[in-house]
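K.L.:
Below, each chain spelled out in residue letters.
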Amino acid sequence: MAVTKDEVEKIAKLAKLKFSDKELEDFTPQINEILGYMEKLNELDTEKVEPLSHPVEQKNVFREDKLKSSITTEEALKNAPSKDEHHFKVPKVIGDK
Amino acid sequence: MTFYKNHKEKLELLQSGKLNLVDNVNHFLKNIEDQKDLNAFNFVFEEETIKSAKAVEQKIKNNTAGKLAGMVIAIKDVLAYKDHPLTCSSNILKNFTSLYTATAVQKLIDEDAIIIGKTNCDEFAMGSSNENSAFGNVLNPVNKTRVPGGSSGGSAVSVAANLCDVSLGTDTGGSIRQPAAFCGVYGLKPTYGRVSRYGLTAFASSFDTIGPFAKSVEDAALVMEVISGKDENDSTSVKKEIPNYLSSLSKSKKFKIGIPKEYFAEGLDEEIRDAILDIVDELKLEGYEVKDVSLPMTEYTIATYYILTTAEASSNLARFDGARYGFRAADYKNLNEMYLNSRTQGFGKEVKRRIMLGTYVLSSGYYDAYYRKAQKVRRLIKEDFDKVFSEVDLLITPTTPTVAFKIGEKSDDPLQMYLSDIYTTSANLAGIPGISIPIGKNSENLPIGLQILSPQFEEEKIFLLSIHIQNEITK
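Protein chains in written order, with the numbering used here: chain A, 19 to 115; chain B, 3 to 477.
Be careful, since some hints might not be right.
[Said to hold, decoys possible] Subject to a maximum C-alpha distance of 30 Å in a straight line, what follows is the list of computed DSBU-like cross-link-like pairs (lysine-lysine): (1) K96/B <-> K107/A; (2) K241/B <-> K96/A; (3) K384/B <-> K66/A; (4) K335/B <-> K110/A; (5) K40/A <-> K351/B; (6) K217/B <-> K20/B; (7) K217/B <-> K255/B; (8) K86/A <-> K241/B; (9) K96/B <-> K61/B; (10) K23/A <-> K412/B; (11) K77/A <-> K389/B; (12) K36/A <-> K96/B; (13) K96/B <-> K96/A; (14) K58/A <-> K408/B; (15) K84/B <-> K107/A; (16) K232/B <-> K77/A.
Because the hints were derived from the structure by calculation, they are not lab data.
Bound conformation, chain A alone:
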């Protein structure tokens, strides 16, 4: 199941990354080699095995539903690349095609 350059471009789009043609040419065989190696798992019959999402399986970790403060607006904006007094600033979203 080899992945083509076009498919790699499609994945890049999903991941919000851009690659030059040269990078895609390096990348595609590397990704194929790694994915090919991953196919190894198909040697195993896992029909009756439950997936494991966490190595230490815990159930229902609750905390009390108490109101507490986290960070201030000023702190939240501290690392923003573009901001005004109360908001993060980004390019216009509505009406953008």
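Go by the hints and put chain B onto chain A.
P.N.:
This is chain B only, laid out in the frame that chain A set:
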């Protein structure tokens, strides 16, 4: 500089006035400056370190100092420390300042440790050689043509080159144990959930752990005693009694030890194999019961690991979009371009490769074939360990198949680089703890690491066997 073997000795010297803490931190600061070419630190907190040393010195005089009083600690630059930079060695976080302190770091500070700086690492902890850092390569102090290992390369080097007493690293697939082996120091990866991940920048959330690098088993045990425990800010941290790891080191017990044959198969360097088996023979002579065991799922660990961790990484790293924090590209015409250009310019090559792999294995049509399949195999791998640990207390294996490789040797071949994690990823898949301890050097004078693995939450057993090897065998 007055010599001490571990923190207990250091504290006695400080208390008796034979060692001055300000002199001690100045000595470390000078070492950092003199060995700048190692590139172990992203940031050094010089003035603060001296200020803290004075304050802790006073506390020692007043008899109000904590357990780690005067221990000089470097932390990996993926851990949050309020009002200090947090970059994950990535351009995308180059100007980021932490708003809060990671629980593990806060616990060190609460016991009067001194945080000397933040160490270099592979970008977002992704790498096995510290060649993927926006701050440049880190060199192995034992031989500067070699990699220090990764991803916690700077943390391992800071301890190996005597730039601090102890450091914190993180281990998602071997990132503490492998650099510890390559640099010749002790490095412990705790059980998943033993140490809170709050304030650790997420790479693969169901794999990530925080643990110490140290020059002695005693110091690794002491630091673990301090940083372990349930934390309400991390729902995956586990509520379980924390043993007094340090004081329990005086216990003596002859554990039943398993030698998994898959970890000594083809691909293992012969000198490493011989060095490990020499230690095992020594233990046998002392009356330890040693048994050959099998972990048949070993050959599937790397594939499983890289499917699951890249999937988790692609999801965790989606938050870096140039909107609320971190790097934003200068050139964009609309919101989508802002995301694209910020991420494309901000992330390094290996991080992008893993985001791509992770996005692929999670994408529609491939999710079941890769991601879900790997989650199932993960259970089989964990069951492999459960079974083996019903027969033996601990496992002894090599930490790495080779000693530290040359800088540039594997950097163009990602699959070869991934395969070098063969003996370490299994512990993260199964959530069990593991240590790498230095047991000597090969004919090229490069360090060899021995790995000890235990069932979940049985770090105490690991420490007990480690200190026995440290004090009685390798000396």
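K.L.:
Are the hints correct? Go through all of them and say.
P.N.:
Each hint, compared with the structure:
With a C-alpha separation of about 19 Å, the suggested pairing of K96/B with K107/A holds against the 30 Å cut-off. Pair hint K241/B plus K96/A does not hold up; C-alpha atoms about 34 Å apart against a cutoff of 30 Å. Between K384/B and K66/A the alpha-carbon distance is near 15 Å, which keeps this suggested pair within the 30 Å criterion. A C-alpha spacing of about 10 Å is found between K335/B and K110/A, which places the hinted pair at or below 30 Å, so the restraint holds.
For a cut-off of 30 Å, the pair hint linking K40/A to K351/B stands: about 13 Å separates their Cα positions. Between K217/B and K20/B the alpha-carbon distance is near 21 Å, which keeps this suggested pair within the 30 Å criterion. Among the hinted pairs, K217/B with K255/B is consistent with the structure: their alpha-carbon atoms are about 23 Å apart, no more than 30 Å. For a cut-off of 30 Å, the pair hint linking K86/A to K241/B stands: about 22 Å separates their Cα positions.
At most 30 Å may separate the alpha-carbon atoms for a hinted pair to count; K96/B and K61/B exceed this at roughly 36 Å. Under the criterion of a C-alpha separation no larger than 30 Å, the hint pairing K23/A with K412/B is consistent with the structure, at around 24 Å. Proximity of K77/A to K389/B is assessed by CA-CA distance (about 23 Å); at most 30 Å being required, the pair is judged to hold. A hinted pair counts as satisfied when its Cα atoms are at most 30 Å apart, and K36/A with K96/B qualifies at roughly 20 Å.
With a C-alpha separation of about 14 Å, the suggested pairing of K96/B with K96/A holds against the 30 Å cut-off. Restraint check for K58/A and K408/B: satisfied, since their Cα atoms lie roughly 29 Å apart, inside the 30 Å limit. This hinted pair checks out: K84/B and K107/A have alpha carbons roughly 25 Å apart, not beyond 30 Å. Of the supplied pair hints, the one linking K232/B and K77/A holds, its CA atoms being roughly 15 Å apart against a limit of 30 Å.
Hints 2 and 9 from the earlier list are contradicted by this structure; the remaining hints agree with it.
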